[in-house]
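There are 6 protein chains.
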Amino acid sequence: MANRVQEFNAFRSRMNDRILGADNRAIKRFFGVDTLTYERGVLDPKTKEMLGLVASMVLRCDDCISYHIQQCKEEGVTDAEMFDIFSVALVVGGSIVIPHLRRGVAFLDELNDQTAKQ
Amino acid sequence: MANRVQEFNAFRSRMNDRILGADNRAIKRFFGVDTLTYERGVLDPKTKEMLGLVASMVLRCDDCISYHIQQCKEEGVTDAEMFDIFSVALVVGGSIVIPHLRRGVAFLDELNDQTAKQ
Amino acid sequence: MANRVQEFNAFRSRMNDRILGADNRAIKRFFGVDTLTYERGVLDPKTKEMLGLVASMVLRCDDCISYHIQQCKEEGVTDAEMFDIFSVALVVGGSIVIPHLRRGVAFLDELNDQTAKQ
Amino acid sequence: MANRVQEFNAFRSRMNDRILGADNRAIKRFFGVDTLTYERGVLDPKTKEMLGLVASMVLRCDDCISYHIQQCKEEGVTDAEMFDIFSVALVVGGSIVIPHLRRGVAFLDELNDQTAKQ
Amino acid sequence: MANRVQEFNAFRSRMNDRILGADNRAIKRFFGVDTLTYERGVLDPKTKEMLGLVASMVLRCDDCISYHIQQCKEEGVTDAEMFDIFSVALVVGGSIVIPHLRRGVAFLDELNDQTAKQ
Amino acid sequence: MANRVQEFNAFRSRMNDRILGADNRAIKRFFGVDTLTYERGVLDPKTKEMLGLVASMVLRCDDCISYHIQQCKEEGVTDAEMFDIFSVALVVGGSIVIPHLRRGVAFLDELNDQTAKQ
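Chains as they are written, first to last, in this note's numbering: chain Y, 1 to 118; chain C, 1 to 118; chain B, 1 to 118; chain F, 1 to 118; chain A, 1 to 118; chain S, 1 to 118.
Hints in this document: simulated from the structure, not taken from any laboratory. It is possible that part of the hints are untrue.
The list treats identical chains as one, so a pair stands whether inside a single copy or across any two.
As the list claims (entries may be wrong) - Heads up, simulated DSSO-like pairs for lysine-lysine below, C-alpha to C-alpha not over 27 Å straight-line:
| # | residue 1 | residue 2 |
| --- | --- | --- |
| 1 | Lys46 | Lys28 |
| 2 | Lys117 | Lys28 |
| 3 | Lys73 | Lys117 |
| 4 | Lys46 | Lys73 |
| 5 | Lys117 | Lys46 |
Work the whole structure out from these sequences, hints included.
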């Protein structure tokens, strides 16, 4: 299971290349806007990643949750802050969010284990 | 595949402990309300579990479906009643529910197999 | 506001006639299945309407909620039972359900007012 | 009610100007990609608008449905073709789509009335 | 239209009283958890309200959006920050969010007009 | 991974038999309507399958996406047309669709590999 983080990132990266290589103009530009959205604007990247995480949780997308948990960690979001984000997602989105919360926390724990080993 | 039921319950139980151990007040209280909701009120637990199952199906959450199928069986919901619940979920939620129905029925069959072997 | 119930039912009935009159075979048969689903099966119509109500609430469809509240009342669901159904919808679907709960309860109150006046 | 089409388009146009005037770079670029998506690609605009309509229906967004019904009519989609699109949306998305179908058909009828009067 | 803000708050407040008065234990406790969630935790109330706003937008609930826009303003979120939140919601949730964005911005403009007049 | 296509179809077919064998009248008739919907109507099957694909993508159901990609290929939809469908799904449904797009394209590539080997 220690490889779940690497596997996730490898598949993500490989398929993004495949998709962008198909050279569909609207898709390529959408990916561009997606990247731009999380860059520093009036809000800093840390806040934007926290927004991306809570949005992914209420929409219940495991891969998006994993991705934004990684990004949040890189922006310095602490585990305690992460659980405050989770609490908003849970109350807004309801108990239907719980299975995604379980998998998200499992992913966070793997990330933390890998950092501890480095 | 016979272990899918046990694996599901073990992961569920382990991650619930991990999440509650993080000691986030809102999350802990949400879990408390979640438990309270399915206790006998004006409606009995059997009816409430059937409501939880149909809600999980139209929201298309496999883990929630598995969980409520287990609870429904414990409350004495028969397989034929279960399929009546499935029919409401299917018609309200549309063909997009079908893949979740397939996995839900596969889970129900595993549960029944294990009961038969005991 | 006392006419909201009548207006809702009149629009619903008029548009159903218009849609079925368009004579699209798949649409007509879908409407047939929809009606069949709430007829007595292994589960009685009262239970099925309660299932339809909770499904409509977590999917957050005001018209569907109004419709199933009417049907539930006709099947003898009491107000206290109705609130137990609402509680399951709220906990499964989260705070995002609350605005629909407010409008649903307002609709239920209008229905009760009209019955009291008869 | 004859003004619902005009009111919808006036509000849509006024608020789009307001939003783009706020000069948020990601939002402006998103609106650009949105426009580009329905331009002729490998698929023609008529097919793309039909895709936009069915997507709007299963996601149950009344304004998006109204907008794409207008666009479909401009691209020459007939009423009978429109009902075939509606049937796919209904079966994929379930009975929860019906209230949106009713309002969509009412909007289509208003559009047709206005065209007949011109 | 200047009264839309007051009307929204009056209906919200009146129906909350009605719902809590029904004395359903799970519903009352859910409302309690909902309030608790936005209180200062590890994250401050401003950040939590921003999280609540983006979650409401991607789940496309107009009333929830109006409510959190009000709360964000009270916590000092500027209009420019608000549009950064909108951009994340738009890119995560897609063009289906646009009609809700239009109504949200219209609500924000009314709020600003009323503040300017005071 | 070369077996993912076969495994998917085998599970789908086996569970459909199991579900229809349960002899629930509403479920059986729903499956009948589902089949009817994609048959030639005013629109041809190719267009209907494209509609089914985009609807499945914005509702984010991996199995439905896989199924409709297969059907689209059988109806002669080219890869370039497929990416135009993907672009509409992406823009309407937002970045939350991307993980499903990745898995859909991976499935399409496997289908193409198997065809090439025959």
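Evaluation of the provided hints:
no.	hint	result
1	Lys46 to Lys28	both (25 Å within a copy, 22 Å between copies)
2	Lys117 to Lys28	neither (37 Å within a copy, 30 Å between copies)
3	Lys73 to Lys117	within (16 Å within a copy, 44 Å between copies)
4	Lys46 to Lys73	both (9 Å within a copy, 20 Å between copies)
5	Lys117 to Lys46	within (25 Å within a copy, 35 Å between copies)
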